[in-house]
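Top line first, the protein sequences correspond to chains A and B.
Each residue of the first sequence is one higher than the last, beginning at 5 in my numbering.
Each residue of the second sequence is one higher than the last, beginning at 18 in my numbering.
These aren't lab readings, by the way, just hints derived from the structure by calculation.
Cβ coordinates follow ideal geometry from the N, Cα and C atoms, glycine included.
One thing to keep in mind: the hints can contain errors.
No farther apart than 30 Å at their CA atoms in a straight line, the calculated lysine-lysine pairs in the BS3-like style are these [said to hold, decoys possible]: (1) A/K672 with B/K528; (2) A/K672 with A/K108; (3) A/K228 with B/K528; (4) A/K228 with A/K108; (5) B/K528 with B/K54; (6) A/K228 with A/K48.
Taking CB as the label site, the calculated pair distances span [to be verified]: (7) B/T52 with A/Q552: 50 to 60 Å; (8) A/A621 with B/H45: 31 to 41 Å; (9) A/Q552 with B/H45: 37 to 47 Å; (10) B/P542 with A/L699: 25 to 35 Å; (11) A/E529 with B/A316: 32 to 42 Å; (12) B/P542 with A/G496: 25 to 35 Å; (13) A/R675 with B/A329: 47 to 57 Å; (14) A/E517 with B/R298: 49 to 59 Å.
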Amino acid sequence: MTTTEERPTSERRDRHARRTGRTVGAGAFSPGQLWRSLPVALRKLDPRTQLRNPVMVVVWVGSALVTVLAVVQPSVFAWWIAVWLWSTVLFANLAEAVAEGRGKAQAESLRRTRTEAVARRLTAAGAEEPVPGTELRIGDRVVVEAGEVIPGDGDVVEGIATVDESAITGESAPVIRESGGDRSSVTGGTTVLSDRIVVQITTEPGESFVDRMIALVEGASRQKTPNEIALTILLSALTVIFLLAVVALQPMAGYAGAQQSLVVLTALLVCLIPTTIGALLSAIGIAGMDRLVQRNVLATSGRAVEAAGDVDTLLLDKTGTITHGNRRATELMPVAGVPVAELAAAARLSSLADQTPEGRSIVALCAAEHGLPGGADAREAVAEFVPFTAQTRMSGIDIPDQHDGRQVRKGAAASVVAWVAEQGGTVDDAEVGDLTDGIGRQGGTPLVVAQRDGNGARVLGVIRLSDVVKPGMAERFAAMRAMGIRTVMITGDNPLTARAIAGEAGVDDYLAEATPEDKMALIREEQEGGRLVAMTGDGTNDAPALAQADVGVAMNTGTAAAKEAANMVDLDSDPTKLIEVVEIGKQLLITRGALTTFSIANDLAKYFAILPAMFAALYPALGTLNIMRLATPQSAILSAVIFNALIIVALIPLALRGVRYRPTSAAKLLRRNLLVYGLGGVVTPFVGIFLIDLLVRLIPGI
Amino acid sequence: MPDTLAGLLQVAALVLLLALVYRPFGDHMARVFSTEKHWRIEKVLYRLARVDPDTGQRWTTYAAGVLGFSVVSVLLLYLLQRVQPLLPLGFGRGVDGDTVPPAMAFNTAVSFVTNTNWQSYVPETVLGHTVQMAGLTVQNVLSAAVGMAVAVALVRGFVRSGTDRLGNVWVDLTRGVVRILLPISLVFALVLVATGVVMSLRSGVEVTGVDGSTTTLPLAPAASQEAIKELGTNGGGVFNANSAHPFENPNALSNLLEVFLLLVVPVCLTRTFGTMVRDTRQGGVLLAVVGALWAGLLAVAWLAETHPTGPATLAAGAAMEGKEVRFGIPGSILFGVSTTGTSAGAVNSLHDSYTGAAGGVTLLNMLLGEVAPGGVGTGLYGLLVLAVIAVFLAGLMVGRTPEYLGKKLGRVQVSAASVSILVMPALVLLGAGLAIALPSTPEALNNDGAHGFSEVLYAYASAANNNGSAFAGITVTSDFFQVTLGVAMLFGRLVPILAVLALAGSLAAQKRVEPGAGTLPTDGPLFGVLVGGTVLLVAALTFLPALALGPLAEALA
């Protein structure tokens with residue numbers, strides 16, 4: 005397992021943005037983007053690009069029809085309708101173009117990293133030959149030395165090197181890549197800073213990590229996700245129903261003696277079909293992927309993002325995800341008769357030269373809680389450090405006799421007790437046993453500290469080493485629980501320790517003494533119960549589980565096998581990112597659902613505008629439906645069409661940013677969204693059409 | 018007793034009766050369709066039909082069974098009418114002699130097999146007792162059983178997990194007939210006889226009027242057909258005047274019993290649903306939706322009928338045109354709203370003569386897709402399909418792939434549900450649009466203007482929803498109407514059935530997921546509002562323009 009030191013995510017992102025020249029924060033939107041995207045939107049008026057979207061095809065055909073009618077029988081009304089119908093199509097294109105435009109800027113910065121490096125390929129004989137990076141095939145071996153760019157994705161098979169991966173991850177600190185183990189994977193486009201490595205290429209040209217990332221952010225490889233397809237089907241069905249309603253209206257109106265013009269019928273049809281969601285649907289999808297990329301997560305498909313919103317069970321590794329990567333000293337517990345200050349002094353002394361994270365944390369604890377100096381003085385510096393070995397299972401320090409002739413040891417209880425006995429001291433086994441057992445029960449690791457000086461050898465006390473749960477984890481898990489997601493902590497610890505940490509972190513369940521097989525079995529079991537599972541991983545032994553999980557997020561620091569098996573890669577290698585991914589997935593679905601509801605709810609007001617306009621002359625009673633008091637039949641219909649077009653533009657920022665999401669229960673979410681987008685969808689157009697009509701009525705001839 | 022109070026008491030009695038039987042009868046139906054045990058008589062039937070009752074069927078086989086059964090039924094019923102001159106108890110009845118013409122026979126055959134029971138013929142003069150008893154009454158039972166079977170198959174789709182088997186269509190049909198429809202029909206036929214409904218094999222009885230002239234009053238084996246006519250939400254009358262005829266519906270008590278019979282199976286099926294999915298609250302929500310729609314529409318119609326605006330009605334003092342004095346306004350409206358809310362289509366008053374708003378209510382009630390509470394079985398599956406649509410939209414809004422009763426709603430489910438809700442509007446709108454465009458149509462109408470259009474719209478709404486009630490005021494014996502209405506009935510019945518069974522199959526194949534805090538709750542008031550809103554919104558958005566040119570224009574005048 006690779007561990008990651010905590011760094012504030014926002015800081016990371018800022019740095020990333022600076023590196024790659026991105027100024028767009030997640031979800032920010034400026035009106036200037038609309039203007040800049042206009043040329044692209046105009047190009048998308050090509051009917052062939054409209055075919056993907058059944059709702060907008062109908063609007064396109066309607067616009068063309070009304071334009072022809074306006075040419076044949078010119079009238080102010082027909083021309084205005086024609087212009088606004090085309091605007092509806094254009095605004096839909098604009099939404100898509102703006103969403104794609106944001107991705108394009110990111111793709112540009114990525115492309116700059118993909119230099120046309122000349123690779124030094126090793127021949128079978130072991131000689132080097134220069135070939136263009138684009139001609140490398142899977143299995144080719146290339147040599148890369150300090151200062152050179154790695155020509156393609158692959159695994160290090162020989163050597164060790166520091167690599168600057170900032171071009172991909174935005175992280176400026178170099179990382180170590182070495183052959184074998186879980187740090188062997190390198191990405192094309194990154195730079196070797198020191199040493200020499202041999203890389204075995206693992207991807208075909210054009211399919212590399214950077215290529216996939218570019219295609220993804222540009223939306224080139226975007227395929228409709230399952231929910232998007234289902235929604236498109238429903239929208240198509242609604243479109244067909246409204247088409248029939250309008251087609252059948254003409255003979256009915258004819259029988260009543262109020263034959264309608266084709267312009268009016270087309271205007272009615274466009275107002276009724278769900279153009280708002282139809283226009284914004286693809287922008288919502290692109291923006292959802294974009295939000296993910298903003299957070300430095302690369303998904304291989306939109307399907308995975310959607311699945312993230314559905315996740316029921318989240319498997320999280322304890323180390324590095326829930327707790328800090330290393331155990332830390334949290335308490336000093338002296339045996340009876342020993343002042344805590346004496347234990348602190350000995351503990352500090354034994355750890356001064358110990359450069360393991362545990363050792364450093366002991367010094368830090370003594371400094372913070374017992375006022376001891378954090379560094380060694382001249383006397384201490386001459387002391388001889390006794391390093392930890394697997395045989396002795398303890399470490400410590402020997403201070404030369406001319407100073408005070410002290411020896412201090414710390415380590416596993418059995419070893420230290422044995423050492424004391426060896427030095428001729430006596431140990432109260434029961435007392436030490438109680439202390440160490442107590443610490444073990446509470447999920448900690450005991451380190452016994454002993455000292456030999458002029459008074460002989462004796463045990464001073466015990467240091468408690470604990471896993472420290474990262475701050476804020478309990479709140480995050482509580483939020484997950486509110487969303488209906490069960491969190492399971494995976495750890496190699498014994499069940500006792502696991503339970504204590506699980507309780508502290510607030511996860512719902514834990515899997516202790518977990519082997520990769522156990523992990524796999526747990527995923528299968530959850531899936532058997534119909535639940536969707538998400539997990540993170542980075543090692544090669546995680547690969548099968550990553551592939552089996554519905555949402556597998558591989559760390560970028562992980563092996564190529566893990567990255568290949570996962571359906572997302574986190575460039576920051578931050579295992580808690582999974583939580584954000586789930587939120588993005590949910591937000592994506594909520595935005596679609598909310599705007600669909602809004603779009604359909606809009607129709608009611610449009611009927612109240614258009615039906616009286618069509619038939620009030622025939623049945624004056626229907627004039628009572630004109631509750632908005634729209635000026636003339638023409639102004640009423642035109643106002644409805646204009647509202648229908650403008651609402652698309654008005655909602656582009658929402659489509660790109662996504663509907664606000666707060667982790668809470670489904671019932672609360674539904675109530676809120678139904679109120680805002682359902683009821684709001686009914687009311688908004690009444691106000692909007694009324695206001696637009698105040699202007700439209702001023703147009704001469706309307 | 019004032020009319021309104023009497024009416025309210027009738028409504029209260031009706032609701033009380035339904036409340037009493039709701040749990041026991043709903044649970045009984047759930048047991049009927051869940052138990053593994055066969056009755057002896059059923060085993061005999063299975064052996065005769067060479068059916069293995071313990072073999073489950075895939076949805077395709079199930080659908081083929083329903084389809085084949087319906088097609089054979091149409092053919093047999095068509096033939097039976099065509100050979101009427103050869104049959105006993107025919108009394109020489111028919112059109113132009115003693116035959117039933119092909120277009121009419123087709124229309125009637127389709128009408129009764131699809132549980133529509135639209136009647137383009139005058140029963141007293143066209144059909145003899147044999148065709149009535151062996152043809153129409155038999156189909157009254159069988160078509161109702163088909164509706165129940167399809168509904169139960171859909172419920173099993175929700176209940177079952179990871180299987181491709183939906184049950185056995187022959188078993189479901191047999192049990193529906195043997196254990197539910199026949200016993201209740203038998204009991205209520207006797208009760209109806211006790212209230213004065215006739216049951217006779219004679220052609221008619223001669224009576225001497227007060228002026229000394231003699232006329233023949235036609236008789237029929239009415240009670241036996243009447244019970245299943247209501248219970249199976251069929252609605253095809255033995256007499257032309259249907260339940261307004263004193264021989265079919267002699268008094269207020271028989272009227273109340275008939276309304277009860279109309280509602281009892283569709284209402285209690287919501288309980289059956291809840292029991293079968295092992296969460297009765299789920300059924301309770303649907304009951305609440307159904308009840309609210311029914312009560313709301315009843316209130317509007319009642320208000321409209323008791324506050325008429327037309328000068329003639331005002332002069333007469335009450336909107337009693339087309340109503341039987343023995344039922345009054347409440348008894349008529351109660352029947353009218355219940356018959357259009359179920360797919361019955363029996364009538365005890367002339368909907369054509371209702372005020373604009375009340376007439377619009379009966380029309381809207383059908384255009385909702387007949388879910389308040391809908392026909393036997395058809396109501397439940399119609400409502401579940403709309404619930405699927407509602408869950409899909411709302412489910413997205415909680416940030417998950419939508420789930421209903423532990424089943425995910427994806428591409429296949431939304432497609433099936435879309436097809437199912439698309440058929441009825443397409444048939445109504447295209448049918449009515451086509452019919453109204455024909456130059457010959459105005460001649461077939463009693464009225465012109467908005468009311469005339471309502472008559473045409475009502476005819477297609479009634480046919481496509483398999484209701485069968487007539488607004489009247491329209492002559493539908495022309496080949497155009499016979500055929501197009503026949504086609505509307507056939508497609509309006511079979512296409513949704515196929516879509517619903519496909520939906521059931523795709524649901525059963527899925528593994529059932531236990532709901533959690535993140536799933537949309539489908540057992541509370543919020544969900545009820547959502548489903549009710551979806552029902553109203555879909556119908557309103559689809560039919561507002563058409564309604565504006567008909568009842569709406571009348572009602573607002």
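### Query
For the pair supplied as a hint, A/K228 and A/K48, is the alpha-carbon distance within the 30 Å limit?
holds, 18 Å
#### Entry: A/K228 paired with B/K528 [C-alpha distance capped at 30 Å]
At roughly 24 Å apart (the allowed maximum being 30 Å), B/K528 and A/K228 satisfy the hint.
#### Entry: Cβ distance range 37 to 47 Å for A/Q552 and B/H45, holds or violated
holds, 46 Å
### Task
Confirm or reject the claim that B/P542 and A/G496 have a C-beta distance inside 25 to 35 Å.
This hint is violated: roughly 48 Å between Cβ atoms.
### Query
Within 30 Å, alpha carbon to alpha carbon, are A/K672 and A/K108?
Given pair A/K672, A/K108 is violated - Cα atoms ~37 Å apart, limit 30 Å.
### Query
When you take the CB atoms of A/A621 and B/H45, is the distance between them in 31 to 41 Å?
The hint (31 to 41 Å, Cβ to Cβ) is violated, given that A/A621 and B/H45 are roughly 57 Å apart.
### Task
Hint says 25 to 35 Å; check whether the CB-CB distance for B/P542 and A/L699 agrees.
At 42 Å between Cβs, range violated.
### Message
Check the hint pairing B/K528 with B/K54 against an upper bound of 30 Å on the C-alpha distance.
### Response
Distance of about 26 Å is within 30 Å: holds.
### Query
At the C-beta level, are A/E529 and B/A316 separated by a distance inside 32 to 42 Å?
violated, 53 Å
### Task
Return holds or violated for the Cβ distance of A/E517 and B/R298 against the range 49 to 59 Å.
Violated - the Cβ-Cβ distance for A/E517 and B/R298, about 42 Å, lies outside 49 to 59 Å.
### Task
Return holds or violated for the Cβ distance of B/T52 and A/Q552 against the range 50 to 60 Å.
With a Cβ separation near 40 Å, B/T52 and A/Q552 fall outside 50 to 60 Å, so the hint is violated.
### Proposed proximity, A/K108 with A/K228 (alpha carbon, max 30 Å)
holds, 19 Å
The structure fails hints 2, 7, 8, 10, 11, 12 and 14 (numbered hints given earlier, in ascending order).
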